[in-house]
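Whole structure, please, built from the sequences with the hints as guidance.
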Amino acid sequence: MKTREQIYGKEASALLRDITTYHCMKSGQILKLYPGKERQVENLLTHLTRQGRIFYNTDTDTYFDNPDMRSDPEMLSALWVLADFGGQTEYHSSDEFPVKLIFFAEGETCEVICLSPEKEALIEHALSFASDDSSGKRILIVEDTGQIPHVNIPNVIFCTVDSDTGDVQYYRKE
Numbered sequence: 295m296k297t298r299e300q301i302y303g304k305e306a307s308a309l310l311r312d313i314t315t316y317h318c319m320k321s322g323q324i325l326k327l328y329p330g331k332e333r334q335v336e337n338l339l340t341h342l343t344r345q346g347r348i349f350y351n352t353d354t355d356t357y358f359d360n361p362d363m364r365s366d367p368e369m370l371s372a373l374w375v376l377a378d379f380g381g382q383t384e385y386h387s388s389d390e391f392p393v394k395l396i397f398f399a400e401g402e403t404c405e406v407i408c409l410s411p412e413k414e415a416l417i418e419h420a421l422s423f424a425s426d427d428s429s430g431k432r433i434l435i436v437e438d439t440g441q442i443p444h445v446n447i448p449n450v451i452f453c454t455v456d457s458d459t460g461d462v463q464y465y466r467k468e
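Under the working numbering, residues 295 to 468 are what the sequence shown spells out, in order.
Please note that a few of the clues may not be correct.
Said to hold, decoys possible - Simulated pairs of lysine-lysine, PhoX-like, Cα-Cα distance not exceeding 25 Å:
(1) K331 - K304
(2) K431 - K467
(3) K320 - K304
(4) K467 - K413
(5) K431 - K326
(6) K304 - K326
(7) K413 - K431
(8) K320 - K331
Stated by the list, open to error - What follows is a set of in silico ranges between Cβ atoms, one per label pair, in the way DEER data are often shown:
(9) A415 - E336: 39 to 45 Å
(10) D458 - S410: 38 to 44 Å
(11) R347 - D456: 19 to 25 Å
(12) E468 - S321: 18 to 24 Å
(13) H341 - K467: 26 to 32 Å
(14) Y464 - G401: 15 to 21 Å
Hints in this document: simulated from the structure, not taken from any laboratory. All of these numbers come straight from a predicted model, not from anything done at the bench. The C-beta atom is built at its ideal place from N, Cα and C for all residues, glycine as well.
Below is the structure:
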């Protein structure tokens, strides 16, 4: 007979890793990262919250790794993009500016970058120093599709994220 640790230990460790890596995650994002395990994940989140290992804000439906932590809107948007890939991801982690997070899906590296309005030139400049690894994708989150014509970064996929629903819409520059 298996113990609770043997049954749930791997998922509990993965949940703690995710929440401490990103510091804040919406419950919908977490559930999309663990497709087919929704009930188990909800039970683990409740258990970890009761233990004081993670913290839950009922007003925002967000889990934190610190009770004093505030939501990071850019990270939450990047996490919706990650969640959109669901069970296809093999590995994911936060990264250094300008990349918010990086993940591997279907043998491909994907970098997720948030592009705030009026910051197009800064991001272009920062990415000009980054290696141009053609084996991966760069996904730029824009707040408005009107930003797309102002961005001169080759080989990127643009997207918008609805922060309320988590809906992600993808675009390519013509």
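Verification of the supplied hints:
no.	hint	verdict
1	K331 - K304	12 Å, holds
2	K431 - K467	14 Å, holds
3	K320 - K304	21 Å, holds
4	K467 - K413	18 Å, holds
5	K431 - K326	21 Å, holds
6	K304 - K326	17 Å, holds
7	K413 - K431	20 Å, holds
8	K320 - K331	16 Å, holds
9	A415 - E336: 39 to 45 Å	43 Å, holds
10	D458 - S410: 38 to 44 Å	19 Å, violated
11	R347 - D456: 19 to 25 Å	30 Å, violated
12	E468 - S321: 18 to 24 Å	37 Å, violated
13	H341 - K467: 26 to 32 Å	46 Å, violated
14	Y464 - G401: 15 to 21 Å	19 Å, holds
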